[in-house]
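As a plain string of letters, each chain reads:
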Amino acid sequence: MEKNKIRSDHPLDAMLRTDRIPHIWCPGCGIGTAFSACMVAMQASGINLDKTVMVSGIGCSGRGAGYTRLDSYHTTHGRAIPFASGMKLANPELNVVVFSGDGDLFAIGGNHFIHAARRNMDITVICVNNLIYGMTGGQAAATTPCLAKTTTTPLGNPDPPFSLPLLAFASGATYVARWTILHTRDLTKSIEEALNRRGFSFIEVLAPCPTGYGRKNKERSLDTLKIYQERTVIKNGAHPMDAVMDFGNSITLGKFVDHDRPTFSDNYDRTCRPHFA
Amino acid sequence: MKYWRVPLDSNDIAVSRGMVVIVEERCKGCGYCIAFCPRNVLELSPRYNVKGYHPPLVKKPDDCVNCHYCETICPDFAIYSLEIPGD
Ligand SMILES: Cc1ncc(C[n+]2csc(CCOP(=O)(O)OP(=O)(O)O)c2C)c(N)n1
Ligand code: SF4
Ligand code: SF4
Ligand code: SF4
Ligand SMILES: [Mg+2]
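Same order as they appear, the protein sequences are chains D and G.
Residue numbers for the first sequence follow my numbering, beginning at 1379 and rising by one.
Residue numbers for the second sequence follow my numbering, beginning at 1404 and rising by one.
These are computed hints drawn from the structure, not numbers from a lab.
Because the structure is a prediction, the values reported are computed rather than measured.
Here a beta-carbon is modelled for each residue, glycine too, at the ideal position from N, C-alpha and C.
Where hints are given, some of them may not hold.
Unchecked claim - Label pairs and their in silico Cβ distance ranges:
1) D:Arg1447 <-> G:Asn1414: 43 to 51 Å
2) D:Pro1652 <-> G:Asn1469: 34 to 42 Å
3) D:Ala1392 <-> G:Lys1463: 28 to 36 Å
4) D:Tyr1646 <-> G:Arg1450: 54 to 62 Å
5) D:Asp1644 <-> G:Leu1447: 39 to 47 Å
To be verified - Sample of chain G residues facing chain D (criterion: CB under 7 Å; computed from the structure):
6) Ala1417
7) Arg1420
8) Glu1427
9) Lys1431
10) Cys1433
11) Gly1434
12) Tyr1451
13) Thr1475
14) Ile1476
15) Phe1480
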C-alpha cells in the first residue's frame, strides 16, 4: 500500500504484516495488546516459527490472524478450533495457535471448544474476552456480565455469564489460565508456557472493548484498566470453581490448571492404530 | 527508592537505563503507556499525529529504566524502549 509509509524498528515488526498496520482496532481496544503478547511469547518461546500457525475465527479479535507474518488462517465464524484441529492432525509437527474472541469461541463455537478440550487436542487457544460481540455493534455475548448494558440488553443483561476457566476445566483442558491485558508479563509467560507444552491449553485474556461495551456501560478504556489494576487478585493454582469475575468487587487471575494426560492423538493411535505405535 | 537499611551491594547494582522510541504515526492516543509507566516518563503531547491522535512525548528521559512496560501495553506497536549501554 503506497500510503502506508510508516518507518519503524519496532521489535515486533519482524512478526507483523507491517503493511497492514495501523490495524483496524479502535483506540484503547485491548485486542492489540493481547495480540502483541502472543507475538512476544512466540518469539521468546524458541518454537520453530516456520512450523507455527495462527488460526482465527470471525470478529474484531478474529482479525488477529491477518496481522501476523506467520502462516495464518482467517476461518468462518466459530470454526477456528475445528480448522485448527484438522491442521494439527494432518501435520502433527505444527504448533497450532487459535487466537479469537469470546463470541466466536464460546457462543457460535462453543461446542467445538468443549469437545476439543475433552479430547485434549494438542493446540493452544487464546481467547480475547471483551465481554461482548464487538465487531457487530455490541450485542450481548455468553460472557457478558449480569446486568451489563448492551445493544440487545438495553435494560441490563438478565443472564449470568459463563466462567471460561471453569468451562475449560470441566471440559477437560489440561492448561487453563486467566489474565488481563494489563498483566502483560504474566500473560506473555503464560502463552509461552502453553506453546511449549502438549495438550489443550486455554488462556483467557480480559480486554476492554471501549466502543461496543465501554460506551454503553460508561467505562472508558483507562477506567477498565484501572479496574484490572485495583480489583484483580492473582491466585495461581486456585480451583477454577473459585476463579471469580465480579468487576465491582474481585477478579481472580492466575494459572489454574496445568497437568498432563494423553492427547487426542495419543489415545487415537493407541486405540485405533496400535500397529503404528 | 528508600531502603530501610542500605543493601550491602547497593553500589554494585546497576539500574538499567532506557531510551523510549515513539512511532508517532501508529499511535491512537489511548494513553495506556502514559498512565502505566512505572517511572512517569511519558506525558500526552499537545501535538496531533497524522491520524489526529495525541501521541505520548518523553517528559523525563533520564528516568526511563528500560522496563519495556510501555512497549508491552501498547495495543498499536507504537512505542518501545532500547537499552542505553552502561559504562
Ligand atoms: C455465521 C455467522 N453468524 C454471525 C456472524 C456475525 N458476527 C460477526 S463477528 C460476531 C461476534 C464476534 O464476537 P467476538 O468473537 O467476541 O469478537 P469481538 O468482535 O468481540 O472481538 C458475529 C455474531 C457471522 N459473521 N457469521
Ligand atoms: S469494536 Fe470493540 S473489540 Fe472491536 S476494535 Fe473496537 S474496541 Fe476493539
Ligand atoms: S521502558 Fe518502562 S520506564 Fe521507560 S518509558 Fe517505558 S514504561 Fe516507562
Ligand atoms: S499505548 Fe501506544 S497507542 Fe496508546 S498512547 Fe501510548 S503509544 Fe499511543
Ligand atoms: Mg468479544
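Verification of the supplied hints:
1. D:Arg1447 <-> G:Asn1414: 43 to 51 Å: For Arg1447 of chain D and Asn1414 of chain G the Cβ distance comes to about 45 Å; the hint holds.
2. D:Pro1652 <-> G:Asn1469: 34 to 42 Å: Violated: the Cβ-Cβ distance is about 55 Å, outside 34 to 42 Å.
3. D:Ala1392 <-> G:Lys1463: 28 to 36 Å: At roughly 30 Å between Cβ atoms, Lys1463 of chain G and Ala1392 of chain D fall inside 28 to 36 Å, so the hint holds.
4. D:Tyr1646 <-> G:Arg1450: 54 to 62 Å: Holds, since Tyr1646 of chain D and Arg1450 of chain G (Cβ atoms, about 60 Å apart) stay within the stated range.
5. D:Asp1644 <-> G:Leu1447: 39 to 47 Å: Violated: the Cβ-Cβ distance is about 54 Å, outside 39 to 47 Å.
6. Ala1417: violated, 21 Å
7. Arg1420: Status violated, d = 18 Å.
8. Glu1427: Violated, about 9 Å.
9. Lys1431: Interface hint status for Lys1431 of chain G: holds (4 Å vs cutoff 7 Å).
10. Cys1433: Because about 4 Å separates Cys1433 of chain G from the closest Cβ in chain D, which is inside the 7 Å limit, the hint holds.
11. Gly1434: holds, 6 Å
12. Tyr1451: Where the cut-off is 7 Å and the nearest Cβ of chain D is about 13 Å from Tyr1451 of chain G, the hint is violated.
13. Thr1475: holds, 4 Å
14. Ile1476: holds, 6 Å
15. Phe1480: holds, 5 Å
Consistency with the previously given hints fails for numbers 2, 5, 6, 7, 8, 12, ordered from lowest to highest.
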